[in-house]
Amino acid sequence: KQEVTQIPAALSVPEGENLVLNCSFTDSAIYNLQWFRQDPGKGLTSLLLIQSSQREQTSGRLNASLDKSSGRSTLYIAASQPGDSATYLCAVRSGGGADGLTFGKGTHLIIQP
Amino acid sequence: DAGVIQSPRHEVTEMGQEVTLRCKPISGHNSLFWYRQTMMRGLELLIYFNNNVPIDDSGMPEDRFSAKMPNASFSTLKIQPSEPRDSAVYFCASKPGTANNQPQHFGDGTRLSIL
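So the protein lines, in turn, are chains A and B. Reminder that position 100 of the first sequence reads as 100 in my numbering, one-by-one numbering, no gaps. Plus 1000 on top of the position in the second sequence (first one is 1) and you've got my numbering.
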């Protein structure tokens, strides 16, 4: 059974810093990996999707990498801003034809002004 | 563009009552997912549909839970009878087909409290 772990569970940094969020998964047979952002009381917003054949994806100040063989992904946030404060969730679509996602428990990020 | 629409946003009811959660996926999306989020277990997939057909319901916790998708623009998740441990945020998500490069789009969720 696929398990997804995110480290750290919480992170607080001053504005302007670059930071890295980590995600690991136990079964490397995945179709894709997604990073989501969740704001309090809201649903999830998809940030980046990396297909299993890809190594990284970039969107603005965000860069996500994928090392499928080692079961790891990182989300890099450059020049962090207070508006980046949210919970960041990593999710994988595992192999075997299933289309549902397995989620980590998230990293709660606070950017201090 | 309208996103995934869920109703109600909040539901508070007493244990033993029937609860029905509703979801309208994004138009043109033919895959629909129901998830449940709790502090202890995080986000868990309950069931998903493709072209209105349930594909995988292995995440449905027990027979008290049922889900239907009578047409491409509407799905329900029903709990009968409800119990306090069912209290959680329930999310609906949709995506256009099963391709690997398509992300899931989530609604804002229904916060369910069973007293």
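Calculated from the structure, these hints are not laboratory results. As the structure is a computational prediction, the values presented were derived from the model and not from experiment. Possibly wrong hints are sitting among the right ones.
Unchecked claim - When the alpha-carbon atoms are kept at most 30 Å apart in a straight line, the in silico DSS-like pairs for lysine-lysine are as follows:
#, chain 1, residue 1, chain 2, residue 2
1, A, K68, A, K105
2, B, K1068, A, K68
3, A, K105, B, K1078
4, A, K68, B, K1078
Tested hints:
1. Simply put, K68(A) and K105(A) have alpha-carbon atoms about 20 Å apart, close enough for the 30 Å limit, and the pair holds.
2. Of the pairs offered as hints, the one joining K1068(B) and K68(A) is violated, with about 35 Å between alpha carbons and a cut-off of 30 Å exceeded.
3. A hinted pair counts as satisfied when its Cα atoms are at most 30 Å apart, and K105(A) with K1078(B) qualifies at roughly 25 Å.
4. The straight-line distance between the Cα atoms of K68(A) and K1078(B) is roughly 37 Å, outside the 30 Å bound, and the hint therefore fails.
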